[in-house]
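Q: In case you want the letters, here they are:
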Amino acid sequence: MPVLLAPDRAPALSELLRAADTVGLGCGITGAPDAGALKIAGIGSLGSAGRSEISFLSNPRLQSQLDDCGAAAVILRPQDWEAYQARHAGAPPWAAVLCPQPYLMYALLAQWFDRHRQAGLPKGIHPSAVIADDAELADGVHVGPLAVIESGVRIGAGVRIGAGCVIGAGSSIGADSLLHARVTLYHGVHVGARAILHSGVVLGADGFGFAPDPRTPGAWAKIAQLGGVRIGDDVEIGANTTVDRGAVEDTVLGDGVKLDNQIMIGHNCRIGDHTAMAACVGVAGSTTMGRRCVIGGAAMFGGHLTLGDDVHISGGTAVTSDILKAGRYTGVFPVAEHAAWQHNAAVIGQLAQLRKRLRAAERQGAAGTAGQPTNHKQDA
Amino acid sequence: MPVLLAPDRAPALSELLRAADTVGLGCGITGAPDAGALKIAGIGSLGSAGRSEISFLSNPRLQSQLDDCGAAAVILRPQDWEAYQARHAGAPPWAAVLCPQPYLMYALLAQWFDRHRQAGLPKGIHPSAVIADDAELADGVHVGPLAVIESGVRIGAGVRIGAGCVIGAGSSIGADSLLHARVTLYHGVHVGARAILHSGVVLGADGFGFAPDPRTPGAWAKIAQLGGVRIGDDVEIGANTTVDRGAVEDTVLGDGVKLDNQIMIGHNCRIGDHTAMAACVGVAGSTTMGRRCVIGGAAMFGGHLTLGDDVHISGGTAVTSDILKAGRYTGVFPVAEHAAWQHNAAVIGQLAQLRKRLRAAERQGAAGTAGQPTNHKQDA
Amino acid sequence: MPVLLAPDRAPALSELLRAADTVGLGCGITGAPDAGALKIAGIGSLGSAGRSEISFLSNPRLQSQLDDCGAAAVILRPQDWEAYQARHAGAPPWAAVLCPQPYLMYALLAQWFDRHRQAGLPKGIHPSAVIADDAELADGVHVGPLAVIESGVRIGAGVRIGAGCVIGAGSSIGADSLLHARVTLYHGVHVGARAILHSGVVLGADGFGFAPDPRTPGAWAKIAQLGGVRIGDDVEIGANTTVDRGAVEDTVLGDGVKLDNQIMIGHNCRIGDHTAMAACVGVAGSTTMGRRCVIGGAAMFGGHLTLGDDVHISGGTAVTSDILKAGRYTGVFPVAEHAAWQHNAAVIGQLAQLRKRLRAAERQGAAGTAGQPTNHKQDA
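Residue numbers (the numbering used here), protein chains in the order written: chain V, 40 to 419; chain X, 40 to 419; chain U, 40 to 419.
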């Protein structure tokens, strides 16, 4: 069950909407005269919200969930509110909050509740943290228990460093960034402002670079990785995601990049602004990705590739060559009942041969029915 | 080499079998009169076990490994023992332990040795741990060095918290759970009794939720994740696996769920009781999985899907639509020598066209050999 | 931007080449008489290196990048230097360093700069580390802040243990190994000499072993994992990679094995010497891999498989049966524009049927054009 505010700290609905609407969406409360005074302690879904929660209808197809909704208030578009009224005689038990973009308003409300929660978190430098004498911490920096900040680190104003984080020598973190517990930055890693780094993130581990070792046949000699990692502003990186340092130059993530959990970005990669990747994606070394790309979960990218701007890759797809043109790309073997898969997969290894046989059958057919055209390009 | 008990602490075979057999399988020792007094310091495989180890035959096809087995004792089914005797004149150098279910008896013995090892581990609260004043720790809780327990946490009786763990504010852990070193729970994460959480596990990181930011074209606005994580009893979660917190409601793992290493469970997912997933599986947000599902390694699931009970997914399969019917499902491109793969994969991009051409060839053939039936459904 | 040495600590070019060339490649400096005295503070790429950096040309196709190169010196093969001179009238602004193997010389230089950086790192045992009284630390061991070393651990000479590492009871680490921050070794894990373990690595978590629990239908009983992990010399393991302990015997990595980030090696696996795996690979339990295998990123291996020596698996390939013969193997669904993929993927589920229809069409064609041979093996 989500954590709710204590009743005495819950804001009134009208006050909450005003405080949360930082982008000027504008919301109107419809309902009983005192609806604006309802105390709102949290957000719930249409199906589960209780009398102290606000909910929202963002997908008009879920209209029917309004019928049983037990929330104090529901955010919805004016046209959905009209549709509700057309279907119901009396007033609903919830106050209607009319808003042109309910999902965005929900996002703003969620941010408000999260800011409220964060305001209650501990502040200052925990005495158990180990901080190098020459590290520079700006005003209002929080360092949690048992964090380690090495020599030459620079931390911007308002940054929160969670418990057990390790910030390597000479690295830097921009203002108002949030590092959850147990994030690791190696040396020479530079993170911009307003970053959110989740637990288990590792930035700046060595890229995977080896050359054949001339002294031992079959053995690999390590190529020390001398570059760093450079991350723009407004980047979020999910739990246990790793971004390796560059071999010679830096590995670079642009502004507004969003990485989900368990992603691996290889050395020397350059990821364009506002590109978002769902969980479990792997990007091999030296691949460049454009701006505003959207990468589905568990997609995999070979090394030294180039992706253009606005390329969307479906989840589970392996990309092994450049994709320069914007659009959506997919390569996934369709799932089937196991026995059916076995039958069909067995044919995969004969496809080139089948194509040849089809060609021969076409020729025979053409010979057998002379004069009938074959309406396709010949291929082999 | 596995760690063995010191000789003076090794139990006698008969005593060990009695102590380990907590489910009443019943085992009979056959062999020399003093076989029950043999000292057993550990468990070994048939091929490697030494004179102070017990081994087991669970797969009858491995019968031949009994011939060279150097173990002190071997657990096997009565019928396999008879088969051995039929093939050999003399008595083996090992004592035969007759048991209807050797693999289960092995599991029980392994648990016994593990309990014995754990009994020797340090107890109590390590002075270097950082524990909030208002955290509630029940009797017999162990907290390892440099662990952090934040405000409002509740820890059940007999729980072991490993070195370097971080337990976020307001979270709770049920009795007799075991957290290995360096596990992270965010705030508002609730774990049931008898859980085993391995190193690097992260529970409760933010789900991956964004809405288009109206202020910057192409940019993403974060949707704060206000739900929590709720995990049933008897759950095991492998190293570096992550389970994200819900957006509004909780992400839920049922009782007896077993997750291997490096798995990612997205926000709002609900995983049914006793479902087991092998390593590297990814489940995108808001997907619901039934009870007793078995998911092979590296299988991937899209978001907002529903899987029924008793669905088995083969390793490496990408699931992109609902699967409600119990059974086994697969979708994996068959591996082949690279050159053969290249030839056949090149045809994949022409399959729709080939189907069309086959249809045309069938028509031509039918025209050319009028009267011969075509014995299939036409498709395109 | 990569970290460079301060100008007063940068070595002269001739001195640097002599110190770095530990394998006797032999490099000759061509250029102005005082070229050997140029101060070199770091390594840069041909496109970005500045006046205090050395660069290298390893791929002759990048010759044209020499034209605008701003480096102090460039390592290149004699024949590439001749080609440059043939294309240019005057001397370049950089000193030419002639070397038969520029990429290897670059690797050696990178190692030199990295050794130089490491020489400046803190030494000794940080007072905040928690070290068991009976742990044995050889000479010159460094233990970073807030690391934990449990009972009975043995650490070889010159080992560096990073901040926040946890070394479990009875484990051992060979001489001159480097553990970056936040590495976890469970109990009974043995690592050879000169290992490099990156942040988030977990060695020795429980393998994923369960038997049906006879007391609860559908439930799983844990099989305690009593084996350990044994890792040879000269092994590197990337960030957040996990290697599980064996069920009965040890999980084994041979000498010179190189694992990239986010890899999962299941229990009881045996990986042969000098085998290298790119990121995100998963190997299920009890699989044996030969020597000098090369595994592409995100390849996945079923359990209980055997791979021979010198097997190369392409990235993204799922391996579900033994591969004993050396060579390269692939199994990846080709990526395509989404609409094209949809059309072609829909045919996958009909392949067995299409093969049958083709066979029928061939028979009809043969009947219609009697006397024309069909030149292929019949399959169904």
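One thing to keep in mind: the hints can contain errors.
Said to hold, decoys possible - Only pairs whose alpha carbons sit at most 16 Å apart, straight line, appear in this in silico EDC-like list of lysine to aspartate or glutamate:
| hint | chain 1 | residue 1 | chain 2 | residue 2 |
| --- | --- | --- | --- | --- |
| 1 | U | Lys261 | X | Glu175 |
| 2 | X | Lys261 | V | Asp272 |
| 3 | V | Lys364 | V | Asp349 |
| 4 | V | Lys261 | U | Asp172 |
| 5 | X | Lys261 | V | Glu376 |
| 6 | X | Lys364 | V | Asp294 |
| 7 | V | Lys261 | U | Asp294 |
| 8 | V | Lys261 | U | Asp60 |
| 9 | X | Lys261 | V | Asp349 |
| 10 | U | Lys261 | X | Asp106 |
| 11 | V | Lys261 | U | Glu175 |
| 12 | V | Lys261 | U | Asp106 |
| 13 | U | Lys261 | X | Asp272 |
Quick caveat, the hints were computed from the structure, so don't treat them as lab data.
Q: All the hints need checking, so say for each whether the structure fits it.
A: Quick rundown of the hints versus the structure:
1. U/Lys261 - X/Glu175: With Cα atoms ~29 Å apart, U/Lys261 and X/Glu175 exceed 16 Å; violated.
2. X/Lys261 - V/Asp272: holds (14 Å)
3. V/Lys364 - V/Asp349: holds (8 Å)
4. V/Lys261 - U/Asp172: violated (35 Å)
5. X/Lys261 - V/Glu376: The given pair, whose Cα atoms are some 38 Å apart, is violated under the 16 Å limit.
6. X/Lys364 - V/Asp294: violated (44 Å)
7. V/Lys261 - U/Asp294: Holds. V/Lys261 to U/Asp294 sits at ~14 Å (cutoff 16 Å).
8. V/Lys261 - U/Asp60: holds (14 Å)
9. X/Lys261 - V/Asp349: violated (20 Å)
10. U/Lys261 - X/Asp106: violated (30 Å)
11. V/Lys261 - U/Glu175: violated (29 Å)
12. V/Lys261 - U/Asp106: violated (29 Å)
13. U/Lys261 - X/Asp272: Holds, at roughly 14 Å.
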